[in-house]
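Please build the complete structure, drawing on both the sequences and the hints.
Sequence lines, in order, name chains B and F.
Residues in the first sequence are numbered consecutively from 1, following this note's numbering.
Residues in the second sequence are numbered consecutively from 1, following this note's numbering.
Quick caveat, the hints were computed from the structure, so don't treat them as lab data.
The structure displayed is predicted, hence computed values, not measured ones.
Incorrect hints may appear among the rest.
Quick look at which bits of chain F chain B covers, simulated, 3 or more residues with Cβ under 8 Å [unchecked claim]: (1) 2-16; (2) 38-45; (3) 50-58; (4) 67-78; (5) 139-145; (6) 173-179.
C-beta: ideal position from N, C-alpha, C; glycine also.
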Amino acid sequence: MGVEFLYPEYEVIRSTDRCIACRVCERQCANEVHSYSAERGAMISDESKCVNCQRCVSLCPTRALKIVRSDCVLKANANWSNDTIREIYKQANSGGVLLSSMGNPKSMPVYWDRILINASQVTNPPIDPLREPMETRVFLGKKPDRMTRSPDGRLVCDLPPQLELSMPVMFSAMSYGSISYNAHASLARAATELGTYYNTGEGGLHEDFYKYGAHTVVQVASGRFGVHEDYLEAGAAIEIKMGQGAKPGIGGHLPGTKIVGDVSRTRMIPEGSDAISPAPHHDIYSIEDLRQLVYSLKEATEYKKPIIVKVAAVHNIAAIASGIARSGADIIAIDGFRGGTGAAPTRIRDNVGIPIELALASVDRRLRDEGIRNNVSLVVGGSVRSSADVVKAVALGADACYVATAAVLALGCHLCRTCQTGKCNWGIATQRPDLVKRLNPDIGSERLVNLMTAWRREIMELMGGMGINSIEALRGNRLMLRGVGLNEKELEILGISHAGE
Amino acid sequence: MTCVRAENLSYRELNEVIRNTAGPCSIEGCRGQRFIAAGMSEGEITIHGVPGNALGAYLNGAGVTVLGNAQDAVGDTMNAGRIIVHGNIGDAAGYAMRGGCIYVRGNAGYRAGIHMKAYREKIPKLIIGGSAGSFLGEYQAGGIIAVLGLGNAGGRIVGNFPCTGMHGGKLFLRSDASDVEFPKTVVARRANEEDLAELRQVLLDYCAVFGYDIEELLNAPFTVVSPDEGNQYRQMYVAN
Chain B
1 MGVEFLYPEY EVIRSTDRCI ACRVCERQCA NEVHSYSAER GAMISDESKC VNCQRCVSLC
61 PTRALKIVRS DCVLKANANW SNDTIREIYK QANSGGVLLS SMGNPKSMPV YWDRILINAS
121 QVTNPPIDPL REPMETRVFL GKKPDRMTRS PDGRLVCDLP PQLELSMPVM FSAMSYGSIS
181 YNAHASLARA ATELGTYYNT GEGGLHEDFY KYGAHTVVQV ASGRFGVHED YLEAGAAIEI
241 KMGQGAKPGI GGHLPGTKIV GDVSRTRMIP EGSDAISPAP HHDIYSIEDL RQLVYSLKEA
301 TEYKKPIIVK VAAVHNIAAI ASGIARSGAD IIAIDGFRGG TGAAPTRIRD NVGIPIELAL
361 ASVDRRLRDE GIRNNVSLVV GGSVRSSADV VKAVALGADA CYVATAAVLA LGCHLCRTCQ
421 TGKCNWGIAT QRPDLVKRLN PDIGSERLVN LMTAWRREIM ELMGGMGINS IEALRGNRLM
481 LRGVGLNEKE LEILGISHAG E
Chain F
1 MTCVRAENLS YRELNEVIRN TAGPCSIEGC RGQRFIAAGM SEGEITIHGV PGNALGAYLN
61 GAGVTVLGNA QDAVGDTMNA GRIIVHGNIG DAAGYAMRGG CIYVRGNAGY RAGIHMKAYR
121 EKIPKLIIGG SAGSFLGEYQ AGGIIAVLGL GNAGGRIVGN FPCTGMHGGK LFLRSDASDV
181 EFPKTVVARR ANEEDLAELR QVLLDYCAVF GYDIEELLNA PFTVVSPDEG NQYRQMYVAN
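Here it is as structure tokens:
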């Protein structure tokens, strides 16, 4: 106390008129905010433990609760914000590196919100997606540069391996360990029903989920957790994780205390052993080395599966992507600086990397300029929040998008950004059995299917409005985009005109 | 024994031939083809000549014998099986291997045994007959690495910075290691009876393969290195 004291960030407001002391809030809060005082015959709260996940608010049968941000703040200062000062206090108290969860919450430019989509008027009439055929399917993988014919004149049709997506969205990597069994079950089932893919992250593939392998992307990261021949064979594609938008350039460290039971089995390391993913792959120092890992995976799976190389969007991303496109990879996934995470050092998350919109536009241009765009498909993630973001990404050159934060929101996440505690009251970012069971995979997968079905309908509406009936005809079609409030350099990088031009 | 002439085969063609060969197989005239036996679960492959990088990557039970030198990334992420190299091997041998064994008669390059793991009954073994380069056993998380320093007449048998980031497993050096500097996060000590009994079990197969006398091998000072449980990186973070 005293100099170490931090005033609680939130206040628990309980309407005593409405509260019936049913103690639901107490049972629902893994942070132990609520308790019943027999002495006072009423519920009381310790708001210092509250993370504002809104679980109690959502389950209170009489709507007696609300959580508000405390107005007990320090003297206003535009330079030294309240949050900045609190961070100083936390570090002075502990000597620790600040650790945060989920994506960068700072007010950095969101280019999606500065880009507007075209629609047809008078000429090239719009299409009504309810009554006319609309194609949202995409195929990810290398496309041949030219048609070839066999000596007897027949077309040679043996394409390199492709992923077929019913719509240009996949669920991006979240490991079993960072999220729960039921969260993985929901994603796997939804991906299967939707005809798209989910991604194991670097935590291995639980034995129960091998049956969803045809809709699973299995990841190979620097720690190689859970990677073995059956795992590689199980997936529809293999993703080499070089980096992640939320924490470019650093590795991961899942403490031994979280390596228990099934998580240990799936990662194939002993219980209680730290799971360290080193920052680099220690056998990759060049594009040639990357090529070696790509081809070792192709050899191990007999060239039947596309290989994805995932990198964080960083300053030199266009040159990096050009190298990856020449490494033999089939798909490049680029993760922008607003991407989510189960845990990342705050300073890395909030200060490293670049926006995905700019990275995507410059990579697509670079690959086209070099004549190698069809060597690879491009998948982008790092805060794709809506169907409109998807449409804008495709028009900027993406073949498909990766979403994860949107997916966990559909599963019940309230973005309280405390995943690292492992006490997720919504049963997502936790391994505690009593919390995990709160997420019902029947409901979870249905909600994911609902979300993606809605997005697909909206994508078709937006396409129809532009007079485009196939998503592939929208890819890289920058004429369908205009910028608002962007400077010339930004417009140049995005390759779009300003609204009104 | 099926004999495969490898001179004019690409690595893809060579692997296809091996995969389609039932029973033991001998590769003649190997000329640096990469990824030989990648992911293979069965078979016994003998290689004459020099295999290229990533020999036995993701190996899942097959046996590979190289009657000469091998290059980088031998046994990358291997899960089971046995790789025997009668000569020297390059860098990053046994990267993230989880099971099986790699026996090398000669020397190993940099980063041998990096991020080697263990899991349940799987305890991988990397045994290097000669000396090892720098960063030996970096990030080691499990399994057993042994460097024997044979033919090294009193010189240093390991390069700089061994065991950096080690957080599991055991590493044996057939040396008193007085000339080796270890990081603060590991404990290096003289092997005791129990360690030597464990090592004996590990080395029996190695001796049988290369024709060494186990008693002679064990008749030397051994240093055993393991993580210092009380001195790992912990509580570096504060929730924000």
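- [ ] Check whether three or more residues of the segment 67-78 of chain F sit with their beta carbon closer than 8 Å to a beta carbon of chain B.
- [x] Holds, because 4 residues of the segment 67-78 of chain F bring their Cβ atoms closer than 8 Å to Cβ atoms of chain B.
TODO: Test coverage of the segment 173-179 of chain F by chain B using CB-CB distances below 8 Å; three residues minimum.
DONE: violated (count 0)
Task: Assertion that chain B covers the segment 38-45 of chain F - criterion: three or more residues, beta-carbon distance below 8 Å - done: Result for this restraint: holds, n = 3.
Task: Stated coverage of the segment 139-145 of chain F by chain B [criterion: 3+ residues, CB within 8 Å] - done: With 3 residues close enough to chain B, the hint holds.
Task: Three-residue Cβ test at 8 Å for the coverage of the segment 50-58 of chain F by chain B - done: n = 4 at 8 Å, threshold three: holds.
TODO: Confirm or reject the coverage of the segment 2-16 of chain F by chain B under the rule of 3 or more residues with a beta carbon closer than 8 Å to the chain's beta carbons.
DONE: Three-residue rule met by the segment 2-16 of chain F, so holds; n is 3.
The structure is inconsistent with hint 6 alone, although it conforms to all the rest.
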